[in-house]
Amino acid sequence: MTQQYPPPYQPYQHHYGGPPSYRPQPSNGIGTGGFVVALIGAVLSLVPFLGIVSWVISPVGLVLSIVGLTAATRKNGAGRGLAIAGVVLGGVGLLICMLWAIGFAGAMEESRTGTSTYTAPSSSAPSSSAPSSSASAPTTAAAPAGSFTAGTYTVGSEIAPGRYRTAGAPADDIFRYCSATRESTDGATIGSPETTSGGPAYVTVRPGDGQVEFSGDCVWSPAS
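Counting in my numbering, the final residue of the sequence shown is number 232, and the numbers go up one at a time with none missing.
In short, the hints are calculated from the structure, not lab data. Errors might be hidden in some of the hints.
Listed next, with one range per pair, are the computed distances between beta-carbon atoms [claimed, not checked]: (1) 85 to 113: 41 to 47 Å; (2) 223 to 179: 15 to 21 Å; (3) 107 to 44: 22 to 28 Å; (4) 170 to 205: 44 to 50 Å; (5) 44 to 118: 36 to 42 Å; (6) 201 to 164: 17 to 23 Å; (7) 179 to 113: 55 to 61 Å; (8) 196 to 169: 15 to 21 Å; (9) 210 to 166: 17 to 23 Å; (10) 230 to 203: 15 to 21 Å; (11) 194 to 223: 18 to 24 Å.
In this text, a Cβ means the ideal position worked out from N, Cα and C, and glycines have one as well.
Construct the complete structure from the given sequences, taking the supplied hints into account.
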């Protein structure tokens, strides 16, 4: 007689399917972060002076939102709405910052123009034309009759042709350099200038010269 043994124990299995399994939805942290940063930048851009930080925050939020929008295409559209909102808010924040900058630039330009218009009359009020003419009078008066000091003289009408001599600049002058330059009628230099830095010098003015230019603190007189 064959002995039969009971079958080994088997756990009960539910043949109607186990509990439903839930697959976690993909997340888009970059898109969410970009939206948050862009939102902060857009809000701060509305605050005068404090909104200057939006020049940094808004571009960061805009870039993060664009990256999040690109990532949403790989994650079955996860976070796509927040990423789009972040792109919009980042652009709005930058636009508001630009409007603030344009407004400040216009105000500064208007202020600068107004200041220059106000100061123009005051700068032209003190006229120094009369003192300058009186100041030049002693130099001309100090030169002997028929002599010439620094200046440009037309040959024939203001200075006669001939030989002129200077003893040099006064001894107490810091710069004792003097010169006499003959020029043609069109202003071109004729020959080399006659110069002196502490002694006598001579120049011969010819009838064909157009003009003579004396420079320095010297007095040129007709040479005997």
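Unsatisfied constraints (hint numbers, rising): 4
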